[in-house]
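Student: This is what each chain is made of:
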Amino acid sequence: MTPTARPTVAVWKFASCDGCQLSILDCEEELLKLAGTVRIAYFLEMSRASIKGPYDLSLVEGSITTAGDVERIKQVRSQSRKLITIGACATAGGIQGLRNFAASGQYASVVYAHPEYINALDTSTPVSAHVPVDLELYGCPIDRTQLLSVLTAILAGRRPRVPGHSVCEECKGRGTVCLLVSRGTPCLGPVTRAGCGALCPAVDRGCFGCFGPTDTANTASLAGELRGQGLTPVDTSRLFRTFNATAPAFLAESVAQGGAPPVAVNGPGRDPAEGD
Amino acid sequence: MTHGSGERTISVEGLARVEGEGSLRVEVHDGIVGEVALEIFEPPRYFEAMLVGRNFTEAPDITSRICGICPVAYQMSACAAMEDACGTVIDERIRVLRRLLYCGEWIQSHALHVYLLHAPDFLGCADAVELAERDKQAVERGLDLKRTGNLVMETVGGRAVHPVNVRVGGFYRAPSPEAVAALAEPLFRARDQALTTVEWVAGFDFPDVEVDYRFVALREPDRYAIESGRAVSSDGLDLSPAELAELVVEEHVERSTALHARLGGRDQYLTGPLARYSLNSAMLPPLAAEAAAGAGLGPVCNNPFRSIVVRAVELVFACDEALSLVENYVPPDPPAATVVPRARSGAGATEAPRGLLFHTYELDESGTILKARIVPPTSQNQLTIESDLRQVAQDALDLGDDELQWRCEQAVRNHDPCISCAAHFLDVTIESS
Chain A
-2 MTPTARPTVA
8 VWKFASCDGC
18 QLSILDCEEE
28 LLKLAGTVRI
38 AYFLEMSRAS
48 IKGPYDLSLV
58 EGSITTAGDV
68 ERIKQVRSQS
78 RKLITIGACA
88 TAGGIQGLRN
98 FAASGQYASV
108 VYAHPEYINA
118 LDTSTPVSAH
128 VPVDLELYGC
138 PIDRTQLLSV
148 LTAILAGRRP
158 RVPGHSVCEE
168 CKGRGTVCLL
178 VSRGTPCLGP
188 VTRAGCGALC
198 PAVDRGCFGC
208 FGPTDTANTA
218 SLAGELRGQG
228 LTPVDTSRLF
238 RTFNATAPAF
248 LAESVAQGGA
258 PPVAVNGPGR
268 DPAEGD
Chain B
26 MTHGSGERTI
36 SVEGLARVEG
46 EGSLRVEVHD
56 GIVGEVALEI
66 FEPPRYFEAM
76 LVGRNFTEAP
86 DITSRICGIC
96 PVAYQMSACA
106 AMEDACGTVI
116 DERIRVLRRL
126 LYCGEWIQSH
136 ALHVYLLHAP
146 DFLGCADAVE
156 LAERDKQAVE
166 RGLDLKRTGN
176 LVMETVGGRA
186 VHPVNVRVGG
196 FYRAPSPEAV
206 AALAEPLFRA
216 RDQALTTVEW
226 VAGFDFPDVE
236 VDYRFVALRE
246 PDRYAIESGR
256 AVSSDGLDLS
266 PAELAELVVE
276 EHVERSTALH
286 ARLGGRDQYL
296 TGPLARYSLN
306 SAMLPPLAAE
316 AAAGAGLGPV
326 CNNPFRSIVV
336 RAVELVFACD
346 EALSLVENYV
356 PPDPPAATVV
366 PRARSGAGAT
376 EAPRGLLFHT
386 YELDESGTIL
396 KARIVPPTSQ
406 NQLTIESDLR
416 QVAQDALDLG
426 DDELQWRCEQ
436 AVRNHDPCIS
446 CAAHFLDVTI
456 ESS
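Listed in order, the protein sequences are those of chains A and B.
Quick note: the first sequence, position 186, residue 183 per this note's numbering, numbers continuous.
Quick note: the second sequence, position 272, residue 297 per this note's numbering, numbers continuous.
One chain only, chain B, in its complex shape (with noise of 0.2 Å):
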């Protein structure tokens, strides 16, 4: 075997701490990498066509059924979307209420993959558990954070993996303000850890890359996007959800990986933690921002590797977002706000924790659903992931044949893929109006 030159093919077929089943394969002739392609080989659930001919209130379930990682989001989208199909106005306490689920939703999803699924990769160990036998103390904290996440999804959601609590309106029950008051404890302890977090991964060692990355991301006038917001990107664009959804067009390719996606020249975006934190860090409050300049951070992050670091300040975030949604809590009254149908399409855009996920849906007048459009974050990224790939993989040609397939392993799971959620839906192409 020569390093750096001749032909070499890294072939991965069952790519490891990524949610769904994938493969990734990099070709390289006389030192120049060829092909990489990020396979899908999740077979297609058909939520789409699932969906037509069913309620509109049957969206949240039946959508969160798509990812059993960020159920939530699938919820908070459909609702969102459907909505705004039937002009329905949510209350203040409400949104608050959804947004402390979300929360939970990101301390989980964020804790899973910086623990058990980002970290090991750091450190050289094929897994958490590896881990824990070397740093027993560092994998308990990352459970305990998870534990956390969970707790609040179970207090606001009642469940944590697909939340049964969730209603398009609002929720079946409010819960208790003594309910909602029990998670403050455990929140700062979160907090804590998240912070302590910040300051493990800080110390991790990245290769040294960066990516001309073009973000998208949703953007609030006061606050860090979560559960609402217009689609900024780093090139201007400045879209509501219903013109976010009318600008993706998206085409279907005999590869699964192959994905198309033009603006002005430039083909391709990714949403997530670096896009939300390089549009949006100076709406972080102040605790999230001081641990992100203690860990090294700009106001923008370009580097795939440094995706764990956003991922801990973000956790920091979020905690720190939970205790003061948790001190100030209400319960709303009634808990959902009435939702009359109307034949009208609808579009709903949130921040899943790995990135932008957006639902549209055309109603009858009855509510029954004629149509449904889902496109989830990691249909959006593939195309950056693949680009990733290529670029990580070109800058570590000297590494021998297991290392540099751990490194292109890794340049996927900077990226924290649902591929779950991917296999179901089309490639995506965005084109500028």
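Looking at chain A on its own, in the form it has when it is part of the complex (with noise of 0.2 Å):
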């Protein structure tokens, strides 16, 4: 590929807290020479120069919560090849989506004394709820690791792979013994895509599920198991709803376990003065 050929990379920020940008330039040694191979052609966090679209590729931080943004995300989607979510935010909501569960207004109310100058949504969405994407990257943040390698695969032509099994298998990949079974501690592990490397369990921690369901997480069974080790309704549905809460699987055994449903509706954000 000649220089003048380079693919353009865009990197686009929504509602997040710039951990999986960060991740980008966390690639440090690599970073120069992904510099040389594709042409960052937005990246704010990065540089002050920036190259009109259309882009080869975007990678898109954080999760849909204003009417704005709703435009927004269709922009970068109409003036880009290829568009990948990079974390939990962008590819479920993100912690943000608990608002998801509050009455409108609500949270708006506790933080802000003034909520009627908050322009924003009752909800934390997913970019694939507004536009189609071409691959998604959980975690929160994402693996570096496994961005650097969706973005040689892509590079490459080739169709990059990110991995639909659970963390239970990178405990046993890296020797740790079992929390769940040895020790009763509450682990989400079995039904929480694998990813991270099982970091948590590595320091005497269970999983909490920053890299969103499996593809086939048997969430009941789980839950089952937490229950009888003597977990409560209440902490068995929370644990469920932190960083993927919005996530279908997470957000169905939350609500089974006794979670309020979401009861905020994906549209403009209400005047608060108009009650609930």
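Rather than coming from a laboratory, the hints here were simulated on the basis of the structure.
Be aware that one or more of the hints could be misleading.
Claimed, not checked - Distance ranges between label pairs, derived from CB positions: (1) B:ASP116 to A:SER125: 41 to 49 Å; (2) B:GLU165 to A:ARG156: 30 to 38 Å; (3) A:ARG155 to B:ASP423: 50 to 58 Å; (4) A:GLY65 to B:GLU390: 40 to 48 Å; (5) B:PRO246 to A:LYS79: 51 to 59 Å; (6) A:SER179 to B:VAL365: 24 to 32 Å; (7) A:GLN226 to B:PRO324: 54 to 62 Å; (8) A:LYS79 to B:GLY319: 45 to 53 Å; (9) A:GLU68 to B:GLU155: 29 to 37 Å; (10) A:LYS79 to B:GLU224: 40 to 48 Å; (11) B:VAL236 to A:ILE48: 29 to 37 Å; (12) B:GLU158 to A:SER179: 51 to 59 Å; (13) B:GLU60 to A:SER125: 34 to 42 Å.
To be verified - To give an idea of the chain B side of the interface with chain A (calculated C-beta under 7 Å), a few residues: (14) GLU44; (15) ARG90; (16) ARG184.
What the hints assert, rightly or not - Okay, derived cross-link-like pairs now, SDA-like style, lysine to any residue, Cα gap no bigger than 20 Å in a straight line: (17) B:LYS396 to A:ALA100; (18) A:LYS30 to B:ASP152; (19) A:LYS30 to B:CYS150; (20) A:LYS49 to B:GLY39; (21) B:LYS161 to A:GLY33; (22) B:LYS161 to A:ALA46; (23) A:LYS30 to B:ALA151; (24) B:LYS396 to A:VAL107; (25) B:LYS396 to A:SER106; (26) A:LYS49 to B:ASP152; (27) B:LYS161 to A:GLU27; (28) B:LYS161 to A:LEU31; (29) A:LYS30 to B:ASP169; (30) B:LYS161 to A:THR34; (31) B:LYS396 to A:PRO112; (32) A:LYS49 to B:SER36; (33) A:LYS30 to B:GLU158; (34) A:LYS30 to B:GLU155; (35) A:LYS49 to B:GLU155.
We treat Cβ as the ideally placed atom computed from N, Cα and C, and that holds for glycine.
Two chains, two frames, a set of hints: combine them into the complex.
Tutor: Below, the structure is given as structure tokens:
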């Protein structure tokens, strides 16, 4: 590939913490090589120079939480040959998806003295709820090695592979003794997608599901096990309801355990003065 | 276009090389800078509302998601506030391990800001990639420093972005002495690289700007404060975290930028490296103090553009401090204190790389969070950043529009604002008692 034909990559941010974009900058030694292989055409966190679209590839961080962002993600899609979501927010709505379970305007009124100044939707939704997505990367944050392997595959014209199996296999791979079985530590590993390298069980901590559900998550079976070990319904529901609370499999299980179902609808923010 | 007089508007819609989404606007009428605004258009994420009803043990993980660049700062302030509420006494070995983890974050975040976000401004480059075309060695040095910071966070925290090993009371598992000892070699290299960084940035050209800042930072009696301390100010405040939280009054106004801070007639303050250095430079260990003197810094630094030098000095400090913590490491056993919740309020304040971050929580007897309040550095700094912008723009009106715009962007980047953090919170007012 000649230098002039380097594919263009754009990085976009919606509602998020910047941690997944930072994972791109964390590619340290690979970063300069990457910058030589692709043309980083738009990446505000990294550069004040930008090139107009269309782009060969867009990486999108963050969930959709404002009416303006509903429009912006459509523009991003229309300028992008391929669109990959990076991280729990863009792929599954993220931690801010917890607002979906609150009454309209309730969250704004807890945080802000004048909720009427706040122009945000009642929901946090994944990018795929608004536009077609070519590939979704999970994780809060994404794993930078996984990101690099996906980018490498795409640049080589290969189909990227994202694991669909569970964290349990990663624990087995690194020789970590099962916390759920040996100590009764609540752990979402059996239903959580691999990709992090089973970091939490390696420090004696149960998985808290930041890579979202596996393709075939049997959450009911795990919830039964957790309940059998004495975890209360409230705590079981809460375990499924943190960084990927609105991912369908986790959402369904948190509701099955007695958690309130989502009440917010995906529409423009209502005037809190209207009441609930 | 007439320079120095007439009507001009400098407007940057998407501010680059800062964390988060913001814009700036400077209006000039008849050669006088009028309205200036650092606008924050990050959507709110309502962290304080999400925390209500959650267990006190969940706050470090949930609040770390406010910022991917300084997650340890959020974790440490949350832990400190919860331990204050619960009356938990923290073992010295745990405190040392937290300080080591925090040094990792300072190294990572400062290396990122100095090399990838800030230095390109001084060298006329759009970004670090362009800088690398000119001076590859420098950028590689910065990336290697950053990697060492990440390595410290991975070794102690289990992951660089959103560490998994932190809990209220301490850690889930203490890293082994072997794993910690393995940090010494990269930290030695990093310390040398940090010293080179100080020399490198000290040679940049700095606009001649002096600002009469009101500094606020944590202070410890026996060390350069990071993970604990009392909040002191350049005009004589000396407050516990709880007292600080009480004095800082938040006001929500329609324009995201309209912060109103009041204290005895002076209406703003600055936290972050300039404040820490200016209030605590006497506490720096010899190596960092010598580096500062060699770079021409006095005991106080009032030039915002020189904040890059101060960050480089803090890089030396953080590498040096991490090395000494590594050399004296004894794993805490147990790795965490037992924390028994009680129906109380608690406050915690720590020094995030970009400034003072404090949390307060109110718990019930089961440890459920009834109320949460989080005040990040950029919310506290925003009014000062705007007034810097006004002064810097006024002094630079003879520049052409493109150069003036760049200078204004730089005036904002001087303070390493974290807009994702700031967006989710209220505007800040400080009132004197």
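Student: Report the numbers of all earlier hints that the structure fails to satisfy, in ascending order.
Tutor: Failing hints: none at all.
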